[in-house]
Amino acid sequence: MAMFKKKKNPQEDQSSRDGFIKRLRSRLNRGDSWLTYDLTKLAPGGKIDEDVLEQLETQLVSADIGVDTTERIINGLQRRLDRKELKDIEALGASLRGALLDILKPVEQPLEIPDAPRPYVILMVGINGAGKTTTIGKLARRFLDDGLTVMLAAGDTFRAAAVEQLQVWGERNNVPVIAQKSGADPAAVIFDACEAARARGIDVLLADTAGRLQTQQGLMDELAKIKRVIGKLDPGAPHEIMLVLDASLGQNALVQAEKFHASLGITGITITKLDGTAKGGILLSIADRLKVPVRFIGVGEAAEDMQPFNAEEYVAALLAGRQDN
Amino acid sequence: MFDNLSERLTQTVRNLSGRGRLSEDNIKDTLRQVRLALLEADVALPVVKDFVERIKKRAIGEEVGKSLTPGQALVKIIHAELVALLGEVTVPIDLRAQPPVVIFLAGLQGAGKTTTAAKLARRLIERDKKRVMLVSVDVYRPAAILQLQTLATEVGALHCSSTADEDPVAIVDRALDESRRAHADVLIVDTAGRLHVDNEMMAEVQRVHAHAKAHETFFVIDSMAGQDAVNAAKAFDLSLPLTGIILTKADGDARGGVALSVREVTGKPIRFLGVGEKIDALEVFHPDRMASRILGMGDVLSLVEEIETKVDREAGEKLAKKLKKGRGFDLSDLRDQLQQMIGMGGMGAMLEKLPLPGGINAAALKDKTDEGQLRRQIAIINSMTPGERKFPKIISGSRKRRIAIGSGLQIQDVNRLLKQHVQMEKMMKKMSKGGMKKMLRGLPPGMMPRGPMG
Numbered sequence: 001m002a003m004f005k006k007k008k009n010p011q012e013d014q015s016s017r018d019g020f021i022k023r024l025r026s027r028l029n030r031g032d033s034w035l036t037y038d039l040t041k042l043a044p045g046g047k048i049d050e051d052v053l054e055q056l057e058t059q060l061v062s063a064d065i066g067v068d069t070t071e072r073i074i075n076g077l078q079r080r081l082d083r084k085e086l087k088d089i090e091a092l093g094a095s096l097r098g099a100l101l102d103i104l105k106p107v108e109q110p111l112e113i114p115d116a117p118r119p120y121v122i123l124m125v126g127i128n129g130a131g132k133t134t135t136i137g138k139l140a141r142r143f144l145d146d147g148l149t150v151m152l153a154a155g156d157t158f159r160a161a162a163v164e165q166l167q168v169w170g171e172r173n174n175v176p177v178i179a180q181k182s183g184a185d186p187a188a189v190i191f192d193a194c195e196a197a198r199a200r201g202i203d204v205l206l207a208d209t210a211g212r213l214q215t216q217q218g219l220m221d222e223l224a225k226i227k228r229v230i231g232k233l234d235p236g237a238p239h240e241i242m243l244v245l246d247a248s249l250g251q252n253a254l255v256q257a258e259k260f261h262a263s264l265g266i267t268g269i270t271i272t273k274l275d276g277t278a279k280g281g282i283l284l285s286i287a288d289r290l291k292v293p294v295r296f297i298g299v300g301e302a303a304e305d306m307q308p309f310n311a312e313e314y315v316a317a318l319l320a321g322r323q324d325n
Numbered sequence: 001m002f003d004n005l006s007e008r009l010t011q012t013v014r015n016l017s018g019r020g021r022l023s024e025d026n027i028k029d030t031l032r033q034v035r036l037a038l039l040e041a042d043v044a045l046p047v048v049k050d051f052v053e054r055i056k057k058r059a060i061g062e063e064v065g066k067s068l069t070p071g072q073a074l075v076k077i078i079h080a081e082l083v084a085l086l087g088e089v090t091v092p093i094d095l096r097a098q099p100p101v102v103i104f105l106a107g108l109q110g111a112g113k114t115t116t117a118a119k120l121a122r123r124l125i126e127r128d129k130k131r132v133m134l135v136s137v138d139v140y141r142p143a144a145i146l147q148l149q150t151l152a153t154e155v156g157a158l159h160c161s162s163t164a165d166e167d168p169v170a171i172v173d174r175a176l177d178e179s180r181r182a183h184a185d186v187l188i189v190d191t192a193g194r195l196h197v198d199n200e201m202m203a204e205v206q207r208v209h210a211h212a213k214a215h216e217t218f219f220v221i222d223s224m225a226g227q228d229a230v231n232a233a234k235a236f237d238l239s240l241p242l243t244g245i246i247l248t249k250a251d252g253d254a255r256g257g258v259a260l261s262v263r264e265v266t267g268k269p270i271r272f273l274g275v276g277e278k279i280d281a282l283e284v285f286h287p288d289r290m291a292s293r294i295l296g297m298g299d300v301l302s303l304v305e306e307i308e309t310k311v312d313r314e315a316g317e318k319l320a321k322k323l324k325k326g327r328g329f330d331l332s333d334l335r336d337q338l339q340q341m342i343g344m345g346g347m348g349a350m351l352e353k354l355p356l357p358g359g360i361n362a363a364a365l366k367d368k369t370d371e372g373q374l375r376r377q378i379a380i381i382n383s384m385t386p387g388e389r390k391f392p393k394i395i396s397g398s399r400k401r402r403i404a405i406g407s408g409l410q411i412q413d414v415n416r417l418l419k420q421h422v423q424m425e426k427m428m429k430k431m432s433k434g435g436m437k438k439m440l441r442g443l444p445p446g447m448m449p450r451g452p453m454g
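Residue numbers (the numbering used here), protein chains in the order written: chain R, 1 to 325; chain V, 1 to 454.
The reader is advised that the hints may include incorrect statements.
Said to hold, decoys possible - The calculated lysine-lysine pairs, modelled on DSSO-like cross-linking and capped at a C-alpha distance of 27 Å, are: (1) R/Lys227 / V/Lys278; (2) R/Lys225 / V/Lys278; (3) V/Lys28 / V/Lys76; (4) V/Lys429 / V/Lys393; (5) V/Lys49 / R/Lys47; (6) R/Lys259 / V/Lys278.
As the list claims (entries may be wrong) - What follows is a set of in silico ranges between Cβ atoms, one per label pair, in the way DEER data are often shown: (7) R/Glu301 / V/Lys129: 36 to 44 Å; (8) V/Pro99 / R/Glu304: 41 to 49 Å; (9) R/Glu71 / V/Glu53: 16 to 24 Å; (10) R/Gly183 / V/Arg401: 52 to 60 Å; (11) R/Asp51 / V/Ile60: 19 to 27 Å.
I should point out that these hints are in silico values taken from the structure, not numbers from a laboratory. Predicted model only: the values in this text are computed from it and were never measured. Don't be surprised by glycine CBs; every beta carbon is placed ideally from N, CA and C.
My request is simple: use the sequences and hints to build the entire structure.
The following block contains the structure:
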């Protein structure tokens, strides 16, 4: 059995973390400038009025935060403005930061793999093209670095070459991949993988599934079946049902999260592709509405570009002006 | 929160009364709702602003038709403007070039390029009887090449093999050669997904594109994409001479506002919608359908038009004459009404098209008012004698039993129909005095299925 939680040199850990924040900042503010940068320009005299708030509202909506959540944030700021609490741009920035943190802080709950049970089964779900398989590859790397043993289950038996794609990730990370032929019953594949992982004393089993739209009821039922079947081997499994969401999606991502949650009871969310110019504002809508823990965010192709979600870092990156980079 | 624009509009226009012209005042609230609805549909903010401004200019001073409220009139304008903006229906794929005609697909990661490539191939093979070759220059995503190869076999297309350690430009050169030698009519090039801000990758796709000598260059984008889609579309449009756009995953429940944004910033026509993971799930784009979907307003307009055209005018006039002459609304008239409703797809279809006020549960109503119900009611009337239809009062208990047996229904059903007819008759009398509009307003919810069209 492998050593659990072998910690890396803390200093090295810290430096890679700093690097990530820097990348997060530079990526979130690439392309069009955002928030503070524009706000400073907007209130040259430093006076905060309704116009500034309206401009801010516009900015929030452009970040896919959604009309509902944006309105709530702006209404809060408006109340403070009415009470004359927003004297200058700094006060506005601080209030905004507070409002965003109020929404995001509660969902900042990193995924911790406990010492038992084994295998710890993580079921990855999401729509087509969200980045499930790539996320599995990166998470596998991460768990290996933490000193855990990992196995992958090729539960996407539908899409052409999905099994092979996962196998490549298995080879890259040198971890076993349990797969059957294309078209096999995904529940059976994952069940077999659970048994194999148990027999081999594997710590973490990452189970891939085929992408599906939340409107395809039959396929949503299939996921529920997979969950049920895994539960036969270990009533607590799957221990984590992780929804993978593409950060460049708009308001439908909220619908997605709601429907996957209703069908399966998701226990964590990972946001991918935050390295475009999209701000992933949908994260705020989802956090605001569903309160499901956000586990990881991904800002790039490299494995170290996927890191545990940290509300303060994310908000800081959002609010950082271009000049700070 | 409102579910869709029609509900929003129902809320705002309720306060508007009277007819007249649209003015800045009476459309202000409605325009705000339109703005929010478009934003919720993921239409990009700058596009929304322009659009709302245009609507405002066009709407102010517009005369409101007699049968419409200002809100409905505005929706009509909005819909027309949306359709205009979404563009005309164009040729799905232009093949008027020397073969092999090259179709080039580009877009962000996870947009659905590879699946789309296979769907296009299938369409060209099955509909247009073309010989199609597929090639993948995605040397980055693990197993992307294998994925396309598998799909090529599935749709019966040729496949130009490539490996992950080749240079994409070299692959494309070779694919052109091979497709010529294989006498392929069409070569579809599937590229790796890339971010529009990744300069290196954007330069690469330009290089590959230059070598491919593409006749059609499609930008493939997820119909669920958010506000950032405009930036991606702009960047791809700048880097590549796009000839069209393909929206994928349109079978989900996203509003697809991205269609509007992308169309607006690139000016390029939307050619296809991907509507499922099966390889035949590719549809030609229809601007009017997408407009209705973005507005989330069902199909109010086509309903208005349908009522205008499908209701048999002659029958209506005959009825009106009859009513004027003082003769009653008898059961054969009711039967005509029911038949017309079936002609319009039944009450269920109509309900779907109508923006119902929040209090009414569309699904429950639909249950009561399906086509089967209408047909059963007609069956009851058909089982009556002409005399009974003309003078329902003569229908006694034994006649009812006979009618019930004749129509295969219960006596209670006959009773219900007769009762409805009495109510209907009363309403018709009112109508001959006050006109359709008044009657519609006086319609109790329970009477909805009994069809007020006339």
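Do the beta carbons of R/Glu71 and V/Glu53 sit within 16 to 24 Å of each other?
Taking Cβ atoms as reference, R/Glu71 and V/Glu53 lie about 22 Å apart, which means the hint holds.
Using the C-beta atoms of R/Glu301 and V/Lys129, is the stated range 36 to 44 Å upheld?
At roughly 41 Å between Cβ atoms, V/Lys129 and R/Glu301 fall inside 36 to 44 Å, so the hint holds.
Is 19 to 27 Å a correct range for the gap between the Cβ atoms of R/Asp51 and V/Ile60?
For V/Ile60 against R/Asp51, whose Cβ atoms are near 24 Å apart, the range 19 to 27 Å holds.
Is V/Lys28 within 27 Å of V/Lys76, Cα to Cα?
holds (16 Å)
Does the structure keep V/Lys49 and R/Lys47 at a Cα separation of 27 Å or less?
Between V/Lys49 and R/Lys47 the Cα gap is close to 25 Å, so the pair holds against 27 Å.
Is 52 to 60 Å a correct range for the gap between the Cβ atoms of R/Gly183 and V/Arg401?
holds (59 Å)
Determine whether the Cβ-Cβ distance between V/Pro99 and R/Glu304 falls within the hinted range of 41 to 49 Å.
Given a distance of about 47 Å, which is inside 41 to 49 Å, the answer is holds.
Holds or violated: V/Lys429 and V/Lys393, Cα atoms, limit 27 Å.
Given pair V/Lys429, V/Lys393 holds - Cα atoms ~18 Å apart, limit 27 Å.
Are the Cα atoms of R/Lys259 and V/Lys278 separated by 27 Å or less?
Holds. R/Lys259 to V/Lys278 sits at ~22 Å (cutoff 27 Å).
Is the hinted pair R/Lys225 and V/Lys278 satisfied, with a Cα-Cα distance of at most 27 Å?
With a Cα-Cα distance of about 22 Å, the restraint between R/Lys225 and V/Lys278 holds, given a limit of 27 Å.
Agreement of R/Lys227 and V/Lys278 with the hint, judged by alpha carbon distance not exceeding 27 Å:
The given pair, whose Cα atoms are some 25 Å apart, holds under the 27 Å limit.
In summary, this structure violates none of the numbered hints.
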